[in-house]
Structure formats: structure tokens, C-alpha cells
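Participant: What follows is the residue order along each chain.
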Amino acid sequence: MASHGERCGVVVKQCEDELAVVNMAIGAGHAGVRAMCATSGGGFALMTEGVGMAGMIEAPVVIVEVQREGPSTGIPTKTGQGDLNQVYGASQGDFPRVIIAPTDTADCYWTAVESFNLAEKYQLPVMIISDLLLSEHPETIEPDDLRHDVPIERGEMVADWPGGNGPYKRYACTPTGVSPRALPGTAGAEYVSPTDEHDEEGIVISDVFTTPPMRRKIMEKRMKKMDGVLKELKPPQLEGPLDAPVTLIGWGATLGVIRESRALLAARGIQTNHLHIKYIHPFHAAEVTAILRKCKKLIGVEGNYTAQFARFLRAETGIGVHDTILKYDGEPFEPAIIAAEVERLLAGRPLNLDVSVEDAREMAYHYIRTHLADAARPTEVELADGNSHGEPLWHVQVVDRSSGVSRGQLKIGVRTGSIYAWEPVAAAAQA
Amino acid sequence: MATVVEMPLETYQSIIEPDWCPGCGDFGVLRALEIAAQKLRLATKDIFVVSGIGCSSNLPGFFHGYGVHSLHGRAVAVASGAKLANHGLHVVITGGDGDGYGIGLNHFIHAMRRNLDLTYIVMNNQIYGLTTGQASPTTSKGHKTKSTPRGNVEAPINPVALALVSGATYIARGFSGEAKHMADLIADGIAHKGFSLVDVFSPCVTYNLINTYPWFKQRVYKLEDDKGYNPADMESAFTKSFEWGDKIPIGLFYKGDELTYEDSEPALKKGPLVHQPLGLEKNLFESLMEEFY
Ligand SMILES: Cc1ncc(C[n+]2csc(CCOP(=O)(O)OP(=O)(O)O)c2C)c(N)n1
Ligand code: SF4
Ligand SMILES: [Mg+2]
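Each protein sequence line maps, in turn, to chains V and P.
The opening residue of the first sequence carries number 761 in my numbering; numbering runs sequentially from there.
The opening residue of the second sequence carries number 201 in my numbering; numbering runs sequentially from there.
The shape of chain P in the complex, shown without the other chains (with noise of 0.2 Å):
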């Protein structure tokens, strides 16, 4: 049997250094990212990272491959079109909790039920971090932001309970604090067919003072010590979802098996429409103008 030679973690790391805060939790997923794709084997021509704007949607410039650092909230929609471009290239997402469910909270719930075969993976700090410390749609209750002086009056999304209303067929938590964890979730993630959600407690140690790393490491645990936990049940996955307080579960809450959007997708039967001619053959265009007569 040929073995295959594993490429270094430096193949995935682009010339420019991160300039997130030292200690970001952002840190962590870019890390998770690189050994993922080791583990993977991907060829970085074959990788497409799209973020959006924040501090997390920097990623795709740290990571070597090709990319697209796009709109505030509109990560998820590039994807999406580059996706059905080219069926062929691994594509990610990455960006922040504002980024993908606040300003791009719309595009997330239709990729979900359109179910690409994306990798989303979402920095959640509960805060915006590149604006300097705003509440964002993760934020918990009472939490004091900028913007919250007197602290925030409305409840935090859950994503993941979220993701699972919406049609998501691989949901899982990962924590920055355990970047080989998270790496099993992302490598598995790219690797599900249909679209996969990584929601990641990545701690803004600069202006999340609430929910940092010690506050996490305190009350994560790992579902997959759950013995009796099955991913396969949507029903668990959504009393897990709702688990918040001195126990947060993280790890894989669901993986279903649907069809994915390409694959139902009649044109793209002929490969990625990438690689198909261009133009109208003589007789097809004929046929065309027929209906008009």
C-alpha cells in the first residue's frame, strides 16, 4: 500500500502573522484549521476560505490557500456561489459571531435548509470584537458592552438549537482551549457531506472580560464522554443545545444524512460547472429559438 506523505502544518500557514491580540482565542481555530487540513491531506489549491469582516474573518489571510475576504455578513453567500462554480474546491467559512448571526444571520439559516456542502465555522466571542467591544447576538443577558452600559436587555441566540430547526446536518461546538478537539470537529466537518456548522468559544481576552478562557474551561465538558450521547438523535441534540450554565457541552451535537444541494442539482451532474464550455452549440441554440416560433 503507497503511504502518503503528510504535509507539514506549515503548507497551511501563510506568510503574514496573525495580528490578533496576543492570547485571542482566534488563535486556536486558525491552528485547529491547519491541523485539520493536514489530517485531511488537502492540497491548498483545492481549499477556498471566505470570511466576512471582524477580527476572526481575518483568517483566511493567515491560511494558505485561496480565499476571499469579503462583506460584513456576507461570507456565507460568497461561499455559497463559489461553491456552485466549483463543486470541486473544500469550502470553509470562517468569520465572527456579529458576522454570521447578526448582519449575515439570513444567509446562515438558508445555507442550513439549502444544505451546500459548506464548513462554517464561527468564532463565537459574544462580542464584537474589531469595533472595539459591542454586544453582538450571542451576548449574554445582563452583560455589560459598550453598547450595554447598564447590560444587554436581549437574550443571546443559540446557534446550535438554531442550526438544527434550520436543517443543518453536522452541528458541533468546539472551544479554543482545545484546538485538538476542535481540529477532529472541523476535519470532520469538511469531510461531512452537506453543510456543517463549527460554533467555537474563541474568547476575545481584550473586551469579553465575562466569557475568557478560564471562565470556559471551567464548565466545558466533552460530549463524546457522554457515553449514552447520540448524535444521531436530533431530539438529545436539542435538550444538549439548551445546556448553559456551570456545564456547557461541547463536541459533535448532530450529524443527519440528506442530499446535498449539488447533488440535487441537475446541471452540475456534467462535473463543476467551472470546467464545462462555454457557450451554445449550434443545434442547442437552433432548439432554443425554435420555442419561439
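This is chain V alone, in the form it adopts within the complex (with noise of 0.2 Å):
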């Protein structure tokens, strides 16, 4: 993006921290420009307060998190969708904001355009939240997909403030909670905005009269903002017949995933129905309660450990899933491990956390890598009894990689998956 930057009119600035990204784009997006900024989970923890100050001040802003896999640095390589708490709780205090889970490729370029026209005519912040597998993943898609004559929002601005006017009220109270929007440079209609709460002029309520039938006025026309967004997004539609046995929920990027995997199950003779959600926040609450209500099994399938947005979902509807399909180990989902976690369930098979062996030999490479210079490889790997470790084990032999000669044995816990023991082949016996 630096290198299009003068021929497209934009300016790209990396900045040494977060706090200074999300300040600044949200300097930016207040003096009249559209602005964005992107960044991942650590990154977002950092813009968290600044979210809060967008919402009260009514500034727009585009903030983009790309989900890795948590917590802290986790696994920042690989994806995941474990940011949902941390996006939806950012910043303190209740305040106008929307979220927004792209679905695939081409959805992001329109979620960008409609980010943009929703930050600037309801003037709050939008957070894009995506995952490092669609945000960095190569993917042909249809030229047609993307056009240049995107609609362009900017909601109401005020132009001129002529001396006749009275004072320009920046945070006026309106039926709709949107307050016309003066860019600094206009003439007559200066005013500052603060992150103390205000008045309609923007003068600070937050001392020593703190006026409370004020602060209730202002906290309700800055939130009255969010019924005019619900009513511009699209409510999600159930994919698939209604009567189906099974109800997939996914969010997100795991669109296209959950599709392919349906298909594999109607193939082993499975229906199965599927809601996606993209509109995070405002939630359309009326619209999926009325939907989940007619569904039979629910299965939240989502790749956190916690079953952050089944939990979601439960709050904003009263409805919570039956079942979840949950992936923590930074790989993706494939069709194929949402269809057999499927069959599963429907099969009423416990959970199986256990170190299998494909685990196991994974494992030892991993063993082979830090510990033996990945000079070897493990070859048979045999369940044993496990005796005094209170668990069965799986014994990986490991061989030279070039010679084949054994270097000797390691000793993986099936539950637990620690590598209690790595027995060398004895020098003597090697030699």
C-alpha cells in the first residue's frame, strides 16, 4: 500500500507503537480523512483505550484486527479466532462501535468500503476483526468481484457555520443520535472535542457539576446511533434446508470451510444447515433468535478454546449451541475435520484429546529438532502400558537420519502428551 500511496492519495505511516497508530488514524479520521489502521492481538490490547476515545468523540475510524493464534505472543504465525472477548470488550465504559467478520476475499474489500461509510456517517469506530489465514492467504478471485465505483458515504457534514447560527453544536442531540459534522477549518464552527464527557457544545460535564441528566442525554444519543446501523446491515440467512437434523454456526473467515464440509457430509448422507455470521456488533439479535429457534441440533464451530462466540451468541439471543467443533492448534479447519467432529457428535462419541499417532510422531520431530540437532527420525511408534507414568504411552523409535541406525527411544504420555524419557541406544551399541 506505502508503494501506491501518491498515485492512489494515500498517506501509509508506520508508527513506533500502537497507542501512536490508533491515535493517530484517529486524529486523522476527526480532522476529515478517512483512516484505518490494522494490526494484530498484542497490537490491538495496546489501541484499546483509543477505541474508547474514537466512541466519545465521535471520530471515524477503521481498526483492523488480525486474528492469530493467543495468548500473548501464542503462535503469531498462525491463525485463529480466539480475539473475539478482546475486540468486543475493548475500552471501557458503553459506547457506539461496530464489528465486522469478513467472510472471505472478495467480502473484505466490500467490508472495507462499508467500514468506511458506516465509520463516517455514524462517526464511531469500526473494527474489521479477521485471522491471519484470510488476511494473508493468496486466493484467485473474479475480477468482477471488486469494482472502482464504490459507494462513498461521508453522512452529514456542515459545510459553513455563518455567524447568525448560534454556537455550532458538534454533539447536537438528535432523533437520530447523529450530530452534522463540522471538519476543523470551517469556518465559525469551532469547537473541541474532549474524551471527558461533554456537553452538545463538546464542554466538559466531567468535574465538579457533573450534571447527570445531561450525562444520560448524551450517553443515549451517542448510543440511539447504533439502531441506525443495525437497520443498514444485512441480517444473516440460513444456508441449506430448514429441516435439516444439524445447524452448523460459524463466523467469519471459516465461511467457506463450513460449506465444503456440508458437502461432504450430504455426500455420507448428512443435511445439515448452516448460519454465518458477519455483523458482529450490533447483533441481529431478533433476526437469529428467529432463525436458531426453528433449527434442531446447534453446533458452534469456531477455532478458540473457549467457545468465544457460542458464549456471544448466548448473550444476545438466550439460545446456546448444543455442541461446539473447537481448534486451538493454530492450523485451520479443513472440511474434512469439521465433517468427521460431525459425525461424532451425531455418533455421540466423547471427545478424544488424546496424543494419537500421528500427534506422536510430530512430536518427536519436534524432540529431534531442539534436542538431537534434527540429525534423526522417528520411525515405528508402538502404545505401551506406561506402567509407573498413571498413563499409556507411546514409544517412538528414532533413527539416524542418513545411516538409519538407531539413536533410540522416546517416551510421549497419551493424555497428557508430555515426553516423559529420550533412551539413547547405548554408545557401545551403536558403535
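Since the hints were made in silico from the structure, they are not lab data.
Glycine included, each C-beta is placed from N, C-alpha and C at the ideal position.
There may be inaccurate statements among the hints.
The calculated BS3-like cross-link candidates involving lysine-lysine, where the alpha carbons are at most 27 Å apart (straight line), are [claimed, not checked]:
id, chain 1, residue 1, chain 2, residue 2
1, V, Lys929, P, Lys245
2, V, Lys773, P, Lys380
3, P, Lys470, V, Lys773
4, P, Lys482, V, Lys773
Stretch by stretch, here's where chain V covers chain P in the computed footprint (C-beta under 8 Å, at least three residues) [said to hold, decoys possible]:
id, segment
5, 285 to 292
6, 465 to 472
Using the hints, build the complex out of the two chains.
Facilitator: Set out below in C-alpha cells:
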């Protein structure tokens, strides 16, 4: 993007930290340009106070949060969907904001267009929650899926403010909650936007005299904007037969993989339908509730440990999913994985988190890389009873990579995944 | 020659009365900023004052112009974004020592090496005023504050020296007891192309009972009165920046000349970004698409 800046009229600024990033973007949005920034989980954590500021001073800004696998630095090279709680919970207090989870590559383009329009029309922060897979994978799309003549909607603006008008009220209480915006530089409309609570003119009401009714009305004014936003967003629709015995519920970039898993399942005679959520906040609670009430077995599919979206869905609709298919190993879902899990759930088999043969081999490779200078490879893997370890073990035979001579065996706990022992073949035996 | 009518000082005063403690140094800074704006004949619509959080950061509300009273420590970043969006605005940042030299220090340093055309006025009272008297990054060693009851053990930051090594192109120090002198420093800072720092001794009369008006009055002297002093010479600026004790210099420490960030940014060649058209022309869009074929 930076290399296209001059041609496209875009200033790209790399900053010292994400605090600077979001605050610069907000300053730019407030001053009247379309401003956006992007980061991943850790950077977004630094941005959270700024998100609330944008809500409070009603500055348009678009923030992209590309989820990787947390917690903390986690697996920054791999994908996941574990930041929903963080994005939804970002910043103190209640303030208007929009959260959109784009579903595929072309949708990212249109989500950006829509996000800027919403940010400006409703003067609020819009967060796009994506993930590493969606943001960084190459994909072929139809050129016609993208167009140059995208709608550009800037919302109500005040071009000038003649003397006789009385003071310009930047935060005028209106029926929609949207206060027509004058950009800095507009003659006669000078105002200051404070992060402290303020009245219609932007005068702070946060100190000795806090004026509770004014605070109440200005809160209501800001929050009312969410009604307008919700009306603009397309409600989600159920894909597949309504009477299918299974409903898969996903959000964001798992749209394609869930669709493909349904095709696999259909080929095996298992009918499913699919509800996919793109607009996280504001949420189409009424529409989603109406759909899910008619569905049968609800299975949430998402890339995190605690089923963050399922919890969110329950909070919004009162509807809990019956089961979940969760992934938190950094790898994206695959259709076959989802399909197998659906079959397992339908068969009533319990979730098996044991280390599989393939897992044991992968873990042996890790051990070989880190402890044996990558000069060996695993061969046979055998199940053993484990004796004193209190769990069965995988015995993994490890041989020299070039000569094939045995180097020893690794003992890996089937339940815990602990690498209990590396037992090298005695040097004498090797020689 | 046409005579330009000077704006009355009230032009730059908002309808809000400052709620600082009587005698607070920040009154002097507000007055100096008004005088500076008057001297430069700035139109209120083109002034954009950004602050953080603190007593000093309440200033934009008392000044008539555009502005954002932003987050603690983030004023410089918000101002930088606004300047990149509309470099036609005169962007002034105001705030405290805790705000700028503590929580916001990172942005301060990077803004100086970035050399955006911003003017940063720090009301340095060597204390957290708003939160009722804890030590700040400029509190002197040994100073007993609420958070350092046995005396501060940390060495204070030296803002002038820090600005010198960080690449600020205009570095000055004012004193609230010398509002006129400070007004000139601020006016020159605003007129200067590039990042300007005006660190101001702005006594907190309520929570800093050491660095008071009389304390400063006894010690400060103006660099301009030292006829041999040359603010173009960075080395003597360094030496002066460490002068602290019985004699403390105020005035212009250093002035350099470097290309500003906005002048080096190609996308701003066509004028302020805010006035450039939105959207992509069809042929530009198509040539971008071709990069993927
Ligand atoms: C992120 C954050 N941390 C802490 C605070 C509380 N706080 C408000 S003002 C302030 C310090 C103010 O000191 P200074 O910047 O020197 O301003 P002064 O009041 O002295 O003018 C602090 C710690 C805050 N508002 N936000
Ligand atoms: S507490 Fe100190 S800094 Fe704050 S208004 Fe009073 S005198 Fe000024
Ligand atoms: Mg202070």
C-alpha cells in the first residue's frame, strides 16, 4: 500500500507503536480524512483506550484486528479466532461501535467500503475482525467481484456556520443520535472534542458539576446511533434445508470451510444447514433468534478454546449451542475435520483429546529438531501400558537420518502429551 | 500597503472560564498562546489544539479554536494524525510533564525525529497536578511528594537535552512568570517549520511547594540576554540544557533547519489530504487490478 500512496492519494505511516497508530488514525479521522489502521491481538490490546476515545469524541476510524493464536505472543505465525472477547470488550464504558467479521477475500474489499461508510455516517470506530489465514493467504478471485465505483457515504456534514446560527453544536442531540459534523477548518464552527463527558457543544461536564440528566441524554444520543447502524446491516440467512437435523454456526472467515464440510457430510447422507455471522456488533438478535428457534441440533464451529462466539450468541439470544467443534492448534479448519467431528457428535462419541500416532510422530520431530540437531527421524510408534507414569505411552523409535541406525526411543504420554523420557541407545551398541 | 487589523485577544478566548487553582502557572501559558495567535494573526478556524489529560491538558477548552482533549499521553499522536490529514491547520499540542514526558514519552521522542510541523507546549510543573500531587518524570531528586514520602529517588528527565538528541528543530523554555517572553517563544515555535518544543516552568501552586514562582524568579535568566549565545550551535545548547541550580536559562536553546515530514511525504504534494478527492478513478483502479494478472 505504501508504494501506491502517491498514486492513490493515501498516506501510509508506520509508527512507533500501536498506541501511536490508533491515536494518529483517530486524529486523522477527526480532521476529516478516511483513516484506518491494522494490527493483530497484541497491538490491538494497546489500542483499546483509543477505541473508546473514538467512540466518545465520535471520530470515524476503521481498525482491522487480524487474529493469530494467543494468548500473549502465542503462535504469531498461525491463525485462530480467539480475539472476539478482546475486540468486543475493548475499552471502558459503553460506546457505539461496529464489529464486522468478513467471510472471504472479496468480502474483505466490500467490508472495507462498508466500514468506512458506517464509520463516517455514524461517526464511530468500526472494527474489522479478520484472521491470519484470511488476511495472508493468496487466492484467485473473479475480477468482477471488485469494482471501482464503490459507494462513498460521508454522512451529514456542515460546510460552514454563518454568524447568525448561534453556537455550532458538535454533539447536538438529534433523533437519530447523529450530530452533523464540521471538520476542523470550517469557518465559525470551532469546537473542542473532549474524551471527558461533555454537553452538546463539547463543553466538559465531568468535574465538580457533572449534570446527571445531561450525561444521561448525551449517552443516549451516542448509543442511539446503533439503531441506525443495525437497520443498515444485512441480517444473516440460513443456508441449506431448514429441517436439517444439524445446524452449523460459524462466524468470519470459516464460511468457505463450513460450506465444504456440509458438502462432504451431504455426500455421506448427513443433511446440515449453516448460519454464518458476519456482523458481530450490532447483532441481529431478533433475526438470529427466530432462525435458531426453528433449528435442531446447534453446533458452533470456531477457532478458539472456550467457544467465545457461542458464549456471545447465548448472551445476545438466550440460545446456547448443543455442541461445539473447536480448534486452537494454529492450523485452519479443514472440511474433513469438521465433517468428522459432526459425525462423531451425531454418533454420541466423546471428544478424544489423546495424542494420536500422527501427533506422537510430530512431537518426536519437534524433539529431534530441538535436542538431536535435526539429525534423526522417527520410525515405528508403539503403544505401551506406561506402568509408573499412570497413563499409556507412545514409544517412538528414533533412527539416524542418514544411516538409519537406531538412536533410541522417546516415551510420550498418550493423555498428557508429556515427553517423559529420551532413552538413547548405548554408545557401545551404536558402534 | 494594506494594514491588517489585529484580532482582539478575546478572539482566542472560549466562553469557558479556566477552572485552574488561582495562581496556577497554566493561566500564563493560556495567555501566552492567545498573544502568540494574535501576533501571528491566526484565524481561529485554522488552529487545532490537542491535549492529553491533566490540569494543563484542560487548556484547549479555554481557547477558541478547534481541538481535541484526548487521552493521557496520546496528544502528540492524535495531533500527528490530524496534521497528516490536514497540514493546512496550525497544530499546537498542550499538556503536562506527566502527560508528555511520562506516559506519552514514546510519541514525544518519535515526533521530534519525525519532524512534523507541530508546536508542543509542555506545562512542566514537575508534579502530577490533576491527580493531587504525585511525583512526575521531572520531579527533582529528593522532592517529597505524595508518592515519594521519603523523597524522590529517581533522576528527573531533562526535556531540553532529550529534545536535542531526538532531533527537534526548535527547542525553547518559557516561564509562566514571563508571559510576554513565552508568547514570543510560542509564536516563533508556531511560525517555525518543523517540530517545536516549548517546555514551560508553569508552577503548580497547590501541589509543588518547592518549584514555586519565587523559586524560579530568583533563578531564571533569558538566553537572549547572553549576547554570546548562538541558538544555531547545538553544542552550546547542550551545555546550556544542563545548567540547573542557582541560574536556570529560559528562552531559545536551539533552532535548526530540516525538511518537515509533510514536505517529504509524496502523497501530500497535491495539498492537504483532506481536500483530495476520495475514491479511485476507473483507469487507476484498472491499473491496480492489472498488477495481479
Ligand atoms: C491512562 C491513564 N493513566 C492515568 C490517568 C490518571 N491521570 C490523569 S492526569 C495524570 C497526571 C497529570 O500530570 P501532568 O500530565 O503533569 O498534568 P498536570 O495535572 O500536572 O498539569 C494522571 C496520572 C489517566 N487519566 N489515564
Ligand atoms: S492543582 Fe496545580 S496544576 Fe492543577 S490547577 Fe491547581 S495549581 Fe494548577
Ligand atoms: Mg504536571
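Participant: So, for every hint listed, does it hold in this structure?
Facilitator: Going down the list of hints, with the structure as the test:
no.	hint	result
1	V:Lys929 x P:Lys245	holds (15 Å)
2	V:Lys773 x P:Lys380	violated (37 Å)
3	P:Lys470 x V:Lys773	holds (18 Å)
4	P:Lys482 x V:Lys773	holds (26 Å)
5	285 to 292	holds (count 4)
6	465 to 472	holds (count 6)
In summary, the one numbered hint that this structure violates is 2.
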